[in-house]
Each structure stands twice: as C-alpha cells, then as structure tokens.
Amino acid sequence: MELRVHGRSRKVRAMVWSTCMVVGLLSSVTGEFGSAAEAAVQKKIVIEATAATGWNRYFGNPISIIPGRVGGYGFTTIGKFNPGSDNPIPLKKHMSGKTLITNFFDPNFVIGFSTPPESIDLALDNIPLRDFPVDNDSSGTNRAPVRGILEAEEMELSQAEPADPVTLDRWMKARGRLEVTCSEDGEARARIVATNLLPNRYYQALEWFQSEKDSRLIAIPGILGGLPDALMTDENGSAILETEMNHCLPESSDDASPSINVMLVYHTNHRSFGGAPATPLDPLQPRYPGEVASVHLYFPVTGERQVPPQKGAPTCDDVYLPDAQLNVAPPIGPATGPAHFVIGGKSTPATATVTFLAPPQPMADGRLSFFAHINYDFGAGNVLHAKVDGTLIPENRPGVFLNHGNITYHGGSGIYQKAFGHFQADGILSFADLHVSMHGNGLVCNRGAQVATDDHYRRVESENGGDDGDEAKSERSQEWGSGL
Amino acid sequence: MMKWMTRNSGERMSVRACLRSMLVKVAPTVAVLAISTSVVAAQAPTLIQGKPATGFNRVLGMPLMELGRLGGFGFNTIAAFNPNGESPLPVTVDSPENTLLATTVDSAFLESFFGDEPFNVDPASINVPIRNVPTNTTPANDLHSVLKGALETTPYQPFKPGQAEPVYPVTLGRWLQARGLATIQCDGEDEATVDLIMGGLIPNRIYSVWGFFLPTGLALPMKDFGPIRPLGGVPNIFVSDKNGSGRFKRVLNFCPTNIEDDEAPLTTFFVAYHSDHMANGGVPTFPERSRFPGTSAHVQLQFSVN
Numbered sequence: 001m002e003l004r005v006h007g008r009s010r011k012v013r014a015m016v017w018s019t020c021m022v023v024g025l026l027s028s029v030t031g032e033f034g035s036a037a038e039a040a041v042q043k044k045i046v047i048e049a050t051a052a053t054g055w056n057r058y059f060g061n062p063i064s065i066i067p068g069r070v071g072g073y074g075f076t077t078i079g080k081f082n083p084g085s086d087n088p089i090p091l092k093k094h095m096s097g098k099t100l101i102t103n104f105f106d107p108n109f110v111i112g113f114s115t116p117p118e119s120i121d122l123a124l125d126n127i128p129l130r131d132f133p134v135d136n137d138s139s140g141t142n143r144a145p146v147r148g149i150l151e152a153e154e155m156e157l158s159q160a161e162p163a164d165p166v167t168l169d170r171w172m173k174a175r176g177r178l179e180v181t182c183s184e185d186g187e188a189r190a191r192i193v194a195t196n197l198l199p200n201r202y203y204q205a206l207e208w209f210q211s212e213k214d215s216r217l218i219a220i221p222g223i224l225g226g227l228p229d230a231l232m233t234d235e236n237g238s239a240i241l242e243t244e245m246n247h248c249l250p251e252s253s254d255d256a257s258p259s260i261n262v263m264l265v266y267h268t269n270h271r272s273f274g275g276a277p278a279t280p281l282d283p284l285q286p287r288y289p290g291e292v293a294s295v296h297l298y299f300p301v302t303g304e305r306q307v308p309p310q311k312g313a314p315t316c317d318d319v320y321l322p323d324a325q326l327n328v329a330p331p332i333g334p335a336t337g338p339a340h341f342v343i344g345g346k347s348t349p350a351t352a353t354v355t356f357l358a359p360p361q362p363m364a365d366g367r368l369s370f371f372a373h374i375n376y377d378f379g380a381g382n383v384l385h386a387k388v389d390g391t392l393i394p395e396n397r398p399g400v401f402l403n404h405g406n407i408t409y410h411g412g413s414g415i416y417q418k419a420f421g422h423f424q425a426d427g428i429l430s431f432a433d434l435h436v437s438m439h440g441n442g443l444v445c446n447r448g449a450q451v452a453t454d455d456h457y458r459r460v461e462s463e464n465g466g467d468d469g470d471e472a473k474s475e476r477s478q479e480w481g482s483g484l
Numbered sequence: 485m486m487k488w489m490t491r492n493s494g495e496r497m498s499v500r501a502c503l504r505s506m507l508v509k510v511a512p513t514v515a516v517l518a519i520s521t522s523v524v525a526a527q528a529p530t531l532i533q534g535k536p537a538t539g540f541n542r543v544l545g546m547p548l549m550e551l552g553r554l555g556g557f558g559f560n561t562i563a564a565f566n567p568n569g570e571s572p573l574p575v576t577v578d579s580p581e582n583t584l585l586a587t588t589v590d591s592a593f594l595e596s597f598f599g600d601e602p603f604n605v606d607p608a609s610i611n612v613p614i615r616n617v618p619t620n621t622t623p624a625n626d627l628h629s630v631l632k633g634a635l636e637t638t639p640y641q642p643f644k645p646g647q648a649e650p651v652y653p654v655t656l657g658r659w660l661q662a663r664g665l666a667t668i669q670c671d672g673e674d675e676a677t678v679d680l681i682m683g684g685l686i687p688n689r690i691y692s693v694w695g696f697f698l699p700t701g702l703a704l705p706m707k708d709f710g711p712i713r714p715l716g717g718v719p720n721i722f723v724s725d726k727n728g729s730g731r732f733k734r735v736l737n738f739c740p741t742n743i744e745d746d747e748a749p750l751t752t753f754f755v756a757y758h759s760d761h762m763a764n765g766g767v768p769t770f771p772e773r774s775r776f777p778g779t780s781a782h783v784q785l786q787f788s789v790n
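Respectively, the protein sequence lines represent chains A and Y. Going by the working numbering, 229 is the number at position 229 of the first sequence; the sequence numbering is gapless. Going by the working numbering, 725 is the number at position 241 of the second sequence; the sequence numbering is gapless.
Chain A extracted, bound-state conformation:
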C-alpha cells in the first residue's frame, strides 16, 4: 500500500500512518464510482462511523485523540431533556434508551472556537429535537415549533412525518460508511452511505481540518466536496451522498492541516447555512452548534480512535450492479420501438414485503409507456427495489421519461438478482443517459447506465421466436446477464 504524503514533515507523515492504522485506511485498485476518478485510482479509504453525541464526542468522551492542538477536544451537541429547566442534562451511556433527546449547547464550543462568552445569545437550549422552532416569516428572525403534519391543520406550518419524539436508542441506531476513492491526479470521490438516521430529515456532510496556523480556532470547518453538501434521508432514514473532492484523505494542500474528521450533522431547524454548519457570529440570527446542528455520525480521519464504530455499517456493495455490467454504454443515436434494460445485483437480507408495482405510466411527452413489460428470474430472494429513469432525446427534443418500480422478493440473502424489462416507445428516441437506482434493505444506491441495445433485444427475441413466454424470457435475461 502506498500512501501519498508528498512533502509532509516527519511528524505529519507519522500521524498519517498512525491514522491509517487506526481507522483502517484500505488500499484498493478497484474503481467503483464510475467517474473520472475511476481512471487512475490510487487508493480507497473506508471509514465506518460512530453514532455520536457531539463533535468528537461519544457520551461526553472523545471519539478520537487527535494529534496537535485538538487532542481530545470536542463538544457535545445533544443532551437529555430536563423538564422545567433551561438546561439539558449531559447524556450518559447507562441512561435509558427511552431518554428524550434535546439540543445541547456545550460551553466547550466557546473554548475551542474563541467565541467571546458575552457574545453568546443562546435563546434555545433543552428543546426536544422535534420541538425545535422553525423559521416562519420573511425576516428570518421569527420562529416557532411545528407539529407533525398528521397532527396539524391543513395549512398549518408543520414538519414531515415521522415526527415522533427522538429517543437515545433511536439516535444511536444510526450507522454510516464513508468510502473515498482517490486518483493519482489528487482528486477523489467520496460516498457516504448512511442508515437509521432520522427519516425525511435534512443532514449536512462536513469535513474538518486541523488548524495549526489559525490560533483562534482549534479546528476549521469545511464541507465535504462542494456545496450543497446536503443529504435528505428517505422514509427509512437512509441517505447516500456522492461528491467529488479536490483532495484525498487526510491530505490537503497545506501540510499542517490534514483532515480531522467527516461527519453528518442533523439540522434541528430544517435549515442550512451554506458552507457553515451554524452561524454563531451572525448579528441577526446567531445560531449555535448544538442549538441548531447536532452531530449524528462521526467518521474519524486522523487520530487514535477511542470509540469503535458500531457494528452493522451499511454498504452499497450488496445491492450495486456489478462493475462488469456497468461497462456497457447506452446506445447512441436514435432507435425506434422498445428499449430495454437489465438490472441486477445481490440483495441484502429482507426486511420488508412489498408487492411489485410498476404501473404503466405515461411519459413526460405522453408518447411513451414504461415498465410495460417486465419479468424477473430471481429465485427466492430479498428486498430489491428498482427505479429507472433517464434522459430521453427524441430527435432533438429533450425530454425525460420517469418512472419507478419496486421489485420485492422474499427469502435468503446474498443471492444474485436480476430483473429485466423494456420501455415501449411510439416515437423515435435514444437514451442519452439511463440510470438505475436500487434500493435494498433500506439502502438507496444509484448506479450508472446500462441499456441493452435495440438490436440486441431483437436478436434475442428472434432467437427465441419473437414474443415469448416465461422460459424464453428467462433465457433472455440470462443472456443479458452474461453478455453484459
């Protein structure tokens, strides 16, 4: 394994290697992201997250001992609700899983970020996370708590469901996996796969750097990739962020400032502040870490890890299409009649049972039908949802066809799954881009295009004697699977 530590001091170099040992930097020559970074992959870094209670905090203790000034520094961003008080109670590991979680402003923040204590204008502390007020007028200064939409009146400002109280157990169930694939040109591509976050909620992905040169701040907040560094969880609490980065981990262009961590921050007020997680220095809207932003998943990059990741970090690998299948380029140029797709992959253990539903829906221009024909040859399997959408270019008229289908099966795990179907077109079309996203066991993994060409389909169809029965369809699927 060769890590790039160009021009670093011995101290930094040693620290990098220490980090590699601790957090498990892995080297890989496989390219999984299907991007420019894939061309010359130098290494792959995998870091599993710790469900956190603050910035470098796990029940009041550091998640990592970080070299340099940071050390074991951190600050807590959630606490235990303390009825009748303005101040929440610090969380302890032995507390009941039913403990109601609140926001929590930690005075340690003041110490680390040179914020004058007299400037702190903290209005809201000890607020259960679901009860945190939401900005509700044109000024951006007025805010009020909102109920869950199923409790609210029709036009009442509300919050998305589920809006049930957030307990300690619920918070600590979060799992995450960060993969960074670095290329020789210094660029990288990061992917975060997270599960068991709060469903239908807004998160932000941040990367923090050491701050040896800036004495005011103990660490420098940055964003992961580029703005918007946003993730919206789905109804299961799952989210994926894929972003291109201008550096590998833990490197930066400044030798003194390697990356410290990556983290996912939950925004209690459902707002974002651009490139900052909070705005403590805003004279009109002072909003503080711990007040409006709570660290939920923490990925240590440098330092000696004190708290191991919780078991069960998610991965997309089990539901991703095999890379070999992704090497097939979409057909270029116009085609008539049906176009076809094949999706496949291994699914993770089943957790739900959903009936397959892929209604033949009209396309954007009303000339296409979708999922008009679908079959699947997977045996007893697991949950695997498929969504297909893409860009349709019917003779210089840009368009999009859209649809969504769910394919569900039951049974064991790790079985290679395949599905195939075709789109029916009344007009001339070509697919400039088709992408397939597959949902497995709560994961949402987007993968690139693959479309069997029309000629290929016709050939198979001809070999099978035209429109065929299930047996022939199965053969077709097998051929696509092997051919792709």
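Everything labelled a hint here was simulated from the structure, so no lab data went into it. Please note that the accuracy of each hint is not assured.
Claimed, not checked - Pairs of lysine-lysine residues, derived as DSSO-like cross-links and limited to a Cα-Cα distance of at most 27 Å, are as follows: (1) A:Lys92 with A:Lys80; (2) A:Lys44 with Y:Lys726; (3) A:Lys311 with A:Lys44; (4) A:Lys80 with A:Lys93; (5) A:Lys173 with Y:Lys733; (6) A:Lys80 with A:Lys173.
Unchecked claim - Restraint ranges, calculated between C-beta atoms of paired labels, are given here: (7) Y:Met546 with A:Thr141: 34 to 42 Å; (8) A:Ile120 with Y:Asp745: 44 to 52 Å; (9) Y:Phe643 with A:Asp86: 28 to 36 Å; (10) Y:Glu581 with A:Ser139: 32 to 40 Å; (11) Y:Glu601 with A:His94: 52 to 60 Å.
Unchecked claim - Chain A side only, calculated, beta carbon under 7 Å to chain Y, not exhaustive: (12) Val134; (13) Asp135; (14) Glu161; (15) Ile223.
Note that the coordinates shown come from a computational prediction; the quantities given were computed from them, not determined experimentally. By construction, the Cβ of each residue, glycine as well, lies at the ideal position given by its N, Cα and C atoms.
With chain A held as given, fit chain Y onto it using these hints.
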C-alpha cells in the same frame, strides 16, 4: 368516480382509458397490466405531470394555469443575463436555448406579497448568473461568497469552499429540460401520499417543494408568503443526484383531489431550485434579508392540482 388520472395540459384521462390505450399499444404486457390493474383498483392514485417553469405559474412569461379567482397570477423567478446592463432581460418564447439564466425580482411578486410595505432589493443581487449567486460560508452568515467549482478550488481553504460539480452555466434550454411526474394517493379524506419523481434538474443541488393553497378570504398583499406552505411539512427538501434526477415523497394531512368543505384547495405545487445552496426552513426565502424569490430560489417545475 374514476380516479388515477393523468393531467396534461388540462386533459384528464381515466385509468381505464389509460390502460386501454396501453393495451392497444403494448401487446406483450398482459401479466404486468394485470398486476397493475389490481393495484390501481386498490389504491386509485392520481398522476399529475409537472411542467417546466420559469417562475411561479410562469413559463417564458406566460401563465401555466388558472389559479381560481387569482386568474393567471404569477411571477417570474429567472431571467436572461444582461451583460450590458444592471437589469436582466425577461425570458420569452423568443429566447434562444443558450440564453444564460440570471437572477431577477419580479415586480408582480413585490406588489402581491409586500403591497405598500417597504422592501429592499439589493441591486447587486439582480442579474447574477445562476451559478454565481453568492452564499454564506462563514459563521457570520455574510452571504457574500461566490463559489468556484469544487475541483477548481484548493484543499483546506478556510471558509472558501467550492460548489458541487458539475458547474456548467445554466442556460434556458437546460432549465426547461426539467420533467416530473407526481403520484397522489389518498387514504380516505384526511391523509394522502404525494410522490414526485423528477428528472432533467440541475445535478447535485438543493430543491424545495411548496404548495399553493387558495383559502377563502385570501387577500393581497400575501404577507409572509401567504398561502404558500412546505408541501408535506418541513424539511420540504430534496437533493438532485448527479444525473439531475430527484425524488420527493411525503405524507399529507388532506386529500388534494378530494377537498373537504372546511379545507382550502391545493391549486398547485411547485419545485424551487436554490441557487444559494441554502434551505430556509418554513419559507422559500427571506425577503427582509434581501433574499427574494428570483434571487436565491427559482421555480423550475410546477404541478397543477385544482
């Protein structure tokens, strides 16, 4: 009443007619249609096709729909970049596809939402190409940073991040590629699920989804965004993926296609692109902080309901 209708330019097609059409066109689909038909009978969803927009109830300066007693009310939220002046130019049916899009504030918005109340539109926030809209990058929330592409920046730039790739200029042709299909499925009269599947959006960007209601007694000016509400509650956000696709699924506390007597009809809902990369909680923007619809949030898709 037959439900699960698709709405396209005001036309309605029943599920039965839709399926009949499909059956004629698509011979080898019997098995799936059987599955789908059974599902349709049980769930009776309504399909609504989204239309690309250049403002609220506006596409290329024209109304997208009649908003009941508000008629063709609407306002533009994007315009054509004007390199030779301070004010942007309107986008019209004559605007070429390569028109570079820029920020604007439509006087129709100001009149309808502010009336005689004072407001302050920062001239510097107008006629800014969509990719160059400044955002906040500091704890002071200064809203002044114009971002390069993430791969154009160098690592470790305190409070100087880049914006997510790709960062190609946003043109009118690119903007109007947006498409969407909404599925509304009511569960009785008091609950529904709305599911939006969208494509052709700006890749890797924040969008928000808003409902426009038409309550009895709605009067001008519609202070604090009047009858505009986050659809499905906050956070009413989704993030488009690298292909420009997006998904937004929420539970509603009413059935938009079967309004009760004491409820306000949801006339339309729309999808707004946030050029400043910021989501604003319960409101689309903060006009009193000189963040207007058109300077930081721009309607790109609209769905007609009632």
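Here is how each hint holds up against the structure:
Proposed proximity of Lys92 (chain A) and Lys80 (chain A) is supported: the alpha carbons are some 9 Å apart, at most 27 Å. For the proposed pair Lys44 (chain A) and Lys726 (chain Y), the alpha carbon gap of about 21 Å is at most 27 Å, so the pair holds. This hinted pair checks out: Lys311 (chain A) and Lys44 (chain A) have alpha carbons roughly 21 Å apart, not beyond 27 Å. For the suggested pair Lys80 (chain A) and Lys93 (chain A), the alpha carbons sit about 11 Å apart, so the restraint of at most 27 Å is met.
Of the supplied pair hints, the one linking Lys173 (chain A) and Lys733 (chain Y) holds, its CA atoms being roughly 23 Å apart against a limit of 27 Å. Of the supplied pair hints, the one linking Lys80 (chain A) and Lys173 (chain A) holds, its CA atoms being roughly 17 Å apart against a limit of 27 Å. Between Met546 (chain Y) and Thr141 (chain A), the C-beta spacing of about 36 Å keeps the proposed range 34 to 42 Å intact. Distance hint check for Ile120 (chain A) and Asp745 (chain Y): the Cβ-Cβ separation is about 50 Å, which falls inside the suggested range of 44 to 52 Å.
Look at Phe643 (chain Y) against Asp86 (chain A): about 31 Å separates their beta carbons, and that is inside 28 to 36 Å. Roughly 38 Å separates the CB atoms of Glu581 (chain Y) and Ser139 (chain A), a value that falls within the hinted 32 to 40 Å. Distance hint check: the CB atoms of Glu601 (chain Y) and His94 (chain A) are about 55 Å apart, consistent with the given range 52 to 60 Å. Satisfaction of the interface hint for Val134 (chain A) is found here, the shortest Cβ-Cβ separation to chain Y being roughly 5 Å, below the 7 Å cut-off.
With 7 Å as the threshold, the beta carbon of Asp135 (chain A) comes within range of chain Y, its nearest partner Cβ sitting at about 4 Å, so the hint holds. A distance limit of 7 Å between C-beta atoms decides the matter here; for Glu161 (chain A) the minimum to chain Y is near 5 Å, and the interface restraint holds. About 5 Å separates the beta-carbon of Ile223 (chain A) from the nearest beta-carbon of chain Y, less than 7 Å, and the hint is met.
The structure agrees with every numbered hint stated previously.
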